[in-house]
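Kindly produce the complete structure, drawing on both the sequences and the hints.
Residue numbers (the working numbering), protein chains in the order written: chain A, 1 to 361; chain B, 1001 to 1361; chain C, 2001 to 2361; chain D, 3001 to 3361.
Simulated from the structure, these hints should not be mistaken for laboratory data.
Hints may be right or wrong, so weigh each one.
Far from chain A, some chain D residues (derived; all Cβ distances over 10 angstroms) [unchecked claim]:
{"hint": "1", "residue": "THR3051"}
{"hint": "2", "residue": "GLY3085"}
{"hint": "3", "residue": "ALA3131"}
{"hint": "4", "residue": "THR3278"}
{"hint": "5", "residue": "ALA3323"}
Now the in silico label distances, taken between C-beta atoms and shown as ranges [stated by the list, open to error]:
{"hint": "6", "chain 1": "A", "residue 1": "ALA133", "chain 2": "D", "residue 2": "ASP3280", "range": "58 to 64 angstroms"}
{"hint": "7", "chain 1": "B", "residue 1": "SER1284", "chain 2": "D", "residue 2": "ALA3291", "range": "51 to 57 angstroms"}
{"hint": "8", "chain 1": "D", "residue 1": "PRO3275", "chain 2": "B", "residue 2": "GLY1160", "range": "41 to 47 angstroms"}
{"hint": "9", "chain 1": "A", "residue 1": "ARG46", "chain 2": "B", "residue 2": "SER1209", "range": "28 to 34 angstroms"}
{"hint": "10", "chain 1": "C", "residue 1": "ALA2113", "chain 2": "D", "residue 2": "GLY3205", "range": "45 to 51 angstroms"}
{"hint": "11", "chain 1": "B", "residue 1": "ARG1134", "chain 2": "A", "residue 2": "TYR224", "range": "42 to 48 angstroms"}
{"hint": "12", "chain 1": "B", "residue 1": "THR1302", "chain 2": "D", "residue 2": "THR3278", "range": "37 to 43 angstroms"}
{"hint": "13", "chain 1": "D", "residue 1": "SER3324", "chain 2": "C", "residue 2": "LYS2206", "range": "46 to 52 angstroms"}
Heads up, the beta-carbon is just placed ideally off N, CA and C, and yes, glycines get one too.
There are 4 protein chains.
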Amino acid sequence: MHTVVQPREDGTVGDSQGRPPAAPTRVAVAGATGYAGQELLRLLARHPSVTITAATSSGAAAAGARRLPALSRIWNGTITPLDAGTLAREAEIVFLALPDKAAAELAPALADAGVRIIDLSGAFRLRDEAARARWYPETHRVPEGLAYGLTELDRAAIAGARMVANPGCYPTATLLAVAPIAAAGLIAAGADVIVDAKSGVSGAGKTPSERTHFSEVHGSLGAYGVFAHRHGAEIEQGVADAFGGDAAGHSVNFVPHLVPLDRGILATIYFRVAPGTTEDALGSVYERAYADATFVRLVGATLPEIKHVAHTNFCDIGWRVDASGRVVLVSVIDNLVKGASGQAVQNMNVMLGLDETTGLL
Amino acid sequence: MHTVVQPREDGTVGDSQGRPPAAPTRVAVAGATGYAGQELLRLLARHPSVTITAATSSGAAAAGARRLPALSRIWNGTITPLDAGTLAREAEIVFLALPDKAAAELAPALADAGVRIIDLSGAFRLRDEAARARWYPETHRVPEGLAYGLTELDRAAIAGARMVANPGCYPTATLLAVAPIAAAGLIAAGADVIVDAKSGVSGAGKTPSERTHFSEVHGSLGAYGVFAHRHGAEIEQGVADAFGGDAAGHSVNFVPHLVPLDRGILATIYFRVAPGTTEDALGSVYERAYADATFVRLVGATLPEIKHVAHTNFCDIGWRVDASGRVVLVSVIDNLVKGASGQAVQNMNVMLGLDETTGLL
Amino acid sequence: MHTVVQPREDGTVGDSQGRPPAAPTRVAVAGATGYAGQELLRLLARHPSVTITAATSSGAAAAGARRLPALSRIWNGTITPLDAGTLAREAEIVFLALPDKAAAELAPALADAGVRIIDLSGAFRLRDEAARARWYPETHRVPEGLAYGLTELDRAAIAGARMVANPGCYPTATLLAVAPIAAAGLIAAGADVIVDAKSGVSGAGKTPSERTHFSEVHGSLGAYGVFAHRHGAEIEQGVADAFGGDAAGHSVNFVPHLVPLDRGILATIYFRVAPGTTEDALGSVYERAYADATFVRLVGATLPEIKHVAHTNFCDIGWRVDASGRVVLVSVIDNLVKGASGQAVQNMNVMLGLDETTGLL
Amino acid sequence: MHTVVQPREDGTVGDSQGRPPAAPTRVAVAGATGYAGQELLRLLARHPSVTITAATSSGAAAAGARRLPALSRIWNGTITPLDAGTLAREAEIVFLALPDKAAAELAPALADAGVRIIDLSGAFRLRDEAARARWYPETHRVPEGLAYGLTELDRAAIAGARMVANPGCYPTATLLAVAPIAAAGLIAAGADVIVDAKSGVSGAGKTPSERTHFSEVHGSLGAYGVFAHRHGAEIEQGVADAFGGDAAGHSVNFVPHLVPLDRGILATIYFRVAPGTTEDALGSVYERAYADATFVRLVGATLPEIKHVAHTNFCDIGWRVDASGRVVLVSVIDNLVKGASGQAVQNMNVMLGLDETTGLL
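As structure tokens, then:
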């Protein structure tokens, strides 16, 4: 495993074995009882370089640890009511595992108080103002020092950021597969990119609804949000970035599906390369792009399965190309780990100058 | 298949091929958009002797058939708002697939209007007033001519009833296995009867809740309602009936579990028989009890599986006895069919003097 | 429901109520213990115009009805060892629910004996000799009077056929959605057609393998057979047919996925239409194509779900078109019913001149 | 978390932070490609005090790491063919994750070579020779220094053992709940103990069979092994031990069920206590018994769920008692972790004098 000793912001250094420095970083989780919030607590509790100083829930009052029976003896803290002042006082880094609206309101206040923020909501993911106003109208003020945080693609910006917008789960799976190929100029001129994504139900959050009712999902399967999913805009932003800022006429058609499993996303991605581009050529691009990326595993023509990445921070990518230039990419992640909480911790590691894998293997 | 030509109440007869008599019986479903209600519509739509004249939903307004995409071209009617007057006017038999409170209120009014009723709620299942007041406090008035409707055990009473209380899903699976053995005097004196029941999620109804959220059920399993489930009281009533009115010191301990499947109940039942009672002895009792019961299939030591009864009106029963007199009974049903809508149609067939299996095979 | 009284081959007529004519057609099932075979027995047992005269299994010997506990009291016959002579003697129509190789061998012999055949295997689905030699090398002789049997698209040929090659499950879901649009000339010139298909595990058959092990499928998801699935060739044949015999430069890229459910296929299909082609335009094409097709339900922009077609013979089709001419079609079927046994019975109905829906609603 | 600094056998000490001592213990896994074997590799790879020196598979030849794509970058070793000599040479402790017969043959040879052994098979779990001959006839020679290894109940014996028979998954869940209550004398005289256990499919192992076929398990549920499961004998041994060597007339009736989930066991246990024994009394017994047991979490009347222990080494125990002395215990574990590999690592920690929780939280 590659390990890089980097200076932390406070001047201390974390060492290459992941051993804690003298003073652990104080971190807090806002929205600790949702699926992403609980996963964050689980990861942070075993992280050697941090200490959890607060975990809040807007619905918690004094509900206490009984609310999180799965975490008993892993993390023994108490859930407290959401309070911006407490978070700012107790923590150097605050994770926001909140609905978009709540994050849109809380982040500027925390930023003003000098806290570094890792936001798992969508509120700050889109840079373009018009796009953000359309998809996230609840976002009114964007804090300074914000970086988009798809770790493997944005490390430098994350390292220096005051706030990181943690990517959506679908964009994470999609962009890790598409961005290097786009950046290498291998997508055929004008070719459409089609992203057929399949997600487990935990991605829909913990709030009960007819759509998340067991009997509606079990034994079923459906597409949703065609031409109208916010992650589509985020994917388009990422693809344009890979092309150097302009998608150059490439349309991205993103269609998500809900499948009867709890965790995991599999994205199947279709486009054309110039005839003559081989599977090996794609492999070489990926090898270069992810030479230092512990959490991206390249499986080539084998094609990956969700089972292999469930409960891990890995993204497994496979690819096939035929003689006529048709490409099929398959990318899988655990939506709660690499697609949310795991990547958030990975981003924290980068922000703190720690080895990126600390606490995540 | 046994077929019995019996006179219908109106003097006509249904014939042995299940062909409809000249004038089909007019039936209505109150609560048609829940899981049991939709299953009822599916069964009634293909039933040769009835015509669906109304299907209502309290949440429907004019939502119409679009609410039931699964039934399109099977039943082409329209869902209308719940209205007692309409139901009484349009139907000879009304099925109540409603919450307990709504059924407790609607049934007396319909009975007063002369309509025959098959109630799938729990509101009228308990005969004992004190028990009913405890478990179903919303039930204030019990219509005349009420029969409890576990078809195979209560045919005579059902045939002449004005209203049938369709049994609960757990009691159906349990009592079909236990009652004949109890009635035959084979349960050892004073022996406890333990009912460990496992149910799919559709039994919890369509209203979204944390308990029915896909991510809470998938990959999990839990017991609930220990010492405090209303179906426990109903099972005790049925066991006492089998003993001739008094459980004679036998305690019934019923513990339900929620398992990650949509449809189906499996009840594993434990008690002791007098040493010397054999598997064959139990088999003989069952053969006698269910000689005419098309929907009870006896599988003996093979033990039944939910898969074999899913989407059918069958109850499969298996049994094992060891040399020391320990008994294990296993009984399986589809909770939405034999445990609710299928048995309701079966009861309707009995009330109408039709072959019990009409429309159900 | 539309009902058409048509003369049967033997001169009798089935009437519009689906009541059996005097002499039911004698039918047999070869391969009766697999998933498709059992579903066939279930459907044929309740069909009013046929009688099951034989059901065979190569692995059966005298295993008898105990092998099919799910069908007890639905069909009370006995499974017998596979024997071509018996099948030819006992049945007017034989259903082959066999592996490709066994069907390839048995069908010519049965055809020689004058029996009509409905073959659920893939052995005779491809018309082009080179394609068939590549994908089905076990097929050596093709009987006379063979028709490909996607009922809604091939009714006339099926009615007069001596043998019907029942379509694959993926081609059924795909072609019912794509063929009318292709035939209407609405696919943009040269546009690629991408078929991202998701299937339940029963489509993989009953033989245990690592791929069908519960623990490999549950909580997972994966693509397979990229650029190399036999159903891809069958889909290409069907698309070419819709274009009038030549796909005219349209590439079809078919990628199947295995998802953690038992029954059902959902195909998401992507292509471009000429800009200006609207959702309504596609709707009109479908309405015309399926005006008489009871089993194709058009759900438009709502998009269909597997849950609504499970355990039925329906194919539900939805579609979306955006302003730039991108199309998303979604088509769902139950792979064991419309994708196999249900469509086989539907084809039998057409061959016998019965109402197409007899025994299937 | 309690941490105890204890001398290791080699005289070094592991410290309270779980940091590795200078020389890590060399460990090997025989049977590394099964479900338990892979889970072992995952746990051992992140364990701070050991190094994996060999991982073998009888079916492996030189298949290499590609066989374990899920473990890529977690453990980067290679699977080699099973060879007793290599195991004895390379490792101080060998884990046997093998079928019973293979373990029965390999263990004595390794023991003779001076290697310490942790055996996850059933071959050496039963002490009574007659019982062992009946249930494990493949076991011919029992190595010296063998201890049964239900960690929380057998710590002292495990610490000094040369070989540990790791308990079965069902006995682990059952005995952790029953043994303290039995040992405290709270089970009513002569009362039957009924264990209704529900298990995920991974407990059946990786070999494909009809019983583990996805389509047979999904949407289904069944009991198996009634009066005839080897874990029943192991549970009886453990209950007798708790009573001081003799079950004193208490019958234990163990019935396992297969449920549609991958990982996890839930055991519901029924018996009677002397009237007057309260829930609090049971709670006190458990509190005393598990005061030092990090991996046993007592949830009382809340009742535990599999979801809370999946992918962890915890056993959660809940209990209810009613006024008439009826008891319901519910115990849950992850069958692959606490029911197999996790407990094996826990036992290794005890054997090495490490903190019991090292590498497991």
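Just double-check GLY3085/D for me: nearest Cβ-Cβ distance to chain A has to come out over 10 angstroms. holds, 32 angstroms
Just tell me: holds or violated, for the beta carbon distance of SER1284/B and ALA3291/D against 51 to 57 angstroms? holds, 54 angstroms
So is THR3051/D really clear of chain A, every C-beta pair being over 10 angstroms apart? holds, 15 angstroms
Find the nearest Cβ of chain A to the Cβ of ALA3323/D and say whether that gap is larger than 10 angstroms. holds, 26 angstroms
Has the hinted range 37 to 43 angstroms been met by the Cβ atoms of THR1302/B and THR3278/D? holds, 42 angstroms
Distance rule for ALA3131/D, whose beta carbon must clear each one in chain A by more than 10 angstroms: Given a closest Cβ separation of 36 angstroms, the condition holds.
Between ARG46/A and SER1209/B, is the Cβ distance one that fits in 28 to 34 angstroms? For ARG46/A and SER1209/B the Cβ distance comes to about 32 angstroms; the hint holds.
Hint check for GLY1160/B and PRO3275/D - Cβ pair distance inside 41 to 47 angstroms: holds, 44 angstroms
Range agreement (Cβ of LYS2206/C with Cβ of SER3324/D, hint 46 to 52 angstroms): holds, 48 angstroms
Take a look at whether the Cβ-Cβ distance between ALA133/A and ASP3280/D falls inside 58 to 64 angstroms. holds, 59 angstroms
TYR224/A and ARG1134/B - C-beta distance against the hinted 42 to 48 angstroms: At 44 angstroms between Cβs, range holds.
In terms of Cβ atoms, is chain A entirely out of 10 angstroms range of THR3278/D? Non-interface label stands for THR3278/D: nearest chain A Cβ at 21 angstroms, farther than 10 angstroms.
In terms of the numbered hints stated before, the structure departs from none.
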